[in-house]
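Undergrad: In order, the protein sequence lines correspond to chains A and B. Using our numbering, the letters of the first sequence map in sequence onto residues 17 to 157. Using our numbering, the letters of the second sequence map in sequence onto residues 5 to 238.
Worth double-checking, as some hints may not be accurate.
Unchecked claim - DSSO-like cross-link-like pairs, simulated, lysine-lysine; straight-line CA separation at most 27 Å:
no., chain 1, residue 1, chain 2, residue 2
1, B, K14, A, K152
2, B, K205, B, K232
3, B, K154, B, K129
4, B, K232, B, K154
5, B, K218, B, K205
6, B, K178, A, K41
Source of the hints: derived by calculation from the structure; they are not laboratory data. Just so you know, these numbers come straight off a predicted model, no measurement behind them.
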Amino acid sequence: MTRRMLTALVALVGLFVALYLALYKAGVIGTLACGTGGCETVQLSRWAMFFGVPVATWGVAYYALVFGLAFAATTERWGSSRGLALALVVLTGWGVIFSAWLTYLELFVIHAVCRFCVASAVIALVLFVLTLLDAKARPKV
Amino acid sequence: MVKSAQSGGKRAFYMSVAVLLVGGIGALSYMSTRPTGARIDTTLAPIPNQGHVIGSDSAPVEVVEFGDFECPGCGSFANLTEPDVRARLVFTGLIRFRYMDFPLSGHRNTRAAHLAAWCAGEQGKFWEMHDAIFQNQDRWNGETTRRPEKVLGGLARQVGVGMEQYDACVDSGKYMPQITANAQEGARRGVGGTPTFFFGKRVYPEPISYDGFKAYVDTMIAEARAAKGTKQAK
Numbered sequence: 017m018t019r020r021m022l023t024a025l026v027a028l029v030g031l032f033v034a035l036y037l038a039l040y041k042a043g044v045i046g047t048l049a050c051g052t053g054g055c056e057t058v059q060l061s062r063w064a065m066f067f068g069v070p071v072a073t074w075g076v077a078y079y080a081l082v083f084g085l086a087f088a089a090t091t092e093r094w095g096s097s098r099g100l101a102l103a104l105v106v107l108t109g110w111g112v113i114f115s116a117w118l119t120y121l122e123l124f125v126i127h128a129v130c131r132f133c134v135a136s137a138v139i140a141l142v143l144f145v146l147t148l149l150d151a152k153a154r155p156k157v
Numbered sequence: 005m006v007k008s009a010q011s012g013g014k015r016a017f018y019m020s021v022a023v024l025l026v027g028g029i030g031a032l033s034y035m036s037t038r039p040t041g042a043r044i045d046t047t048l049a050p051i052p053n054q055g056h057v058i059g060s061d062s063a064p065v066e067v068v069e070f071g072d073f074e075c076p077g078c079g080s081f082a083n084l085t086e087p088d089v090r091a092r093l094v095f096t097g098l099i100r101f102r103y104m105d106f107p108l109s110g111h112r113n114t115r116a117a118h119l120a121a122w123c124a125g126e127q128g129k130f131w132e133m134h135d136a137i138f139q140n141q142d143r144w145n146g147e148t149t150r151r152p153e154k155v156l157g158g159l160a161r162q163v164g165v166g167m168e169q170y171d172a173c174v175d176s177g178k179y180m181p182q183i184t185a186n187a188q189e190g191a192r193r194g195v196g197g198t199p200t201f202f203f204g205k206r207v208y209p210e211p212i213s214y215d216g217f218k219a220y221v222d223t224m225i226a227e228a229r230a231a232k233g234t235k236q237a238k
C-alpha cells in the first residue's frame, strides 16, 4: 500500500472522529463516550466554535477534503501529480498548526482534555508526516 | 509481476476504505440511535441522606442531581431549568430535590466552589449560595482565575452569610471529606459526567429540559402511587 493510500485511510478515520464530535455538538448523540467529563467541558466551552461554526464541523470538512485529495492521488490520472502532493502537504501542515492551537487551549485555557480531540491531533500529525514523505519521494520536474 | 502487486495493493486499499466506511457509519448510527436518556438499574440502594435538599420531607418522590459547580451544563440547568423545577415541582410539594457534589478533576476551581457552598450551607444559605455560584460561574471558573476564593467570598457576603464563620470554615476545609464522599457515591453509581440526574432508579446523564424533567417526575409519582396502592390492597 502506498503512502497516499495510507493518507486516505488515516483521513477517513479522522473524518469519523470529527463526525462523532460534530453529531454530539448537533445534539444527535446524547453523551460522549469519554468517562472523565473532559470531552463535554471542551465541547461546551466557547472555544468549541470557530467563526460561528463548531470546530468539529470544520474537522469534518477538513478530513473530507484530505480524504478526497488523497483518494484522487491514488488514481492513475493524478498518481504522478507533484502539485497534488504539495497541496496535501500544505493542507495537512495547516491541520497540524490548528490542532496544536486546539491542544494548547485544552491544556492551558480550558484545563480539560478531550480524548477525541487528542486522537484528532495525533491523526493530523500522522497525515502531515505521510504527505511530507510522499512529496519528498516525488522528483521535481 | 509489478502490475499484479500494484493491483493487489489497490484491492487491499479499496477493501480497507469499504471496511472503514461500513464500520464508521455503523458505529455512528449505533451511537445516534441508542437511548441517551434514562437507563434503569434496579440493583442500587436508595441514595443515602447526604448533600443538600430543598423541598418538603412529605413530597412523594425525590430527584437527585450529581453536579459540578464549574460544569457549563450544570450551570445552564441551574440558571435556566431549575427555577421552573423549584416553582412548579418543589414548592408545590410534588418533589424533593437533592444536590450531590460531583466535582470533576478537570475543573480547577470547582472544589473551592463546592466548599464555599457547604460553608454557606452551615449558616443555612446553601441554596442561595448554590444559585449565586452558578449565576456567576464565568467570574470564578478556572478559565477566568486561578484564585476563585475572593469572588466566592464576595458571593457569600452578597447572599448574607456571616463572614467570620464562613472564612474560618473555608480555611479549615472541614467539608472536603464530605464532598469527596458524595463524589465517591456518584462514582459508585456510575456517574461519569455532570449533571447526572437520578429519578428514583432512572438515570439521566446530561442536562435536561423542564418538560423532560417533568415527564420523569410524572412517571415516578405514578409508580409511587401504584406501589402505595399495591401495599394498601395487601
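Undergrad: Each hint: holds or not?
TA: Results for each hint:
1. K14(B) <-> K152(A): This hinted pair holds, its Cα atoms lying about 22 Å apart.
2. K205(B) <-> K232(B): holds, 17 Å
3. K154(B) <-> K129(B): The given pair, whose Cα atoms are some 18 Å apart, holds under the 27 Å limit.
4. K232(B) <-> K154(B): violated, 50 Å
5. K218(B) <-> K205(B): Holds, at roughly 16 Å.
6. K178(B) <-> K41(A): Status violated; Cα separation ~39 Å.
Checked against the numbered hints given earlier, this structure breaks hints 4, 6; the rest are met.
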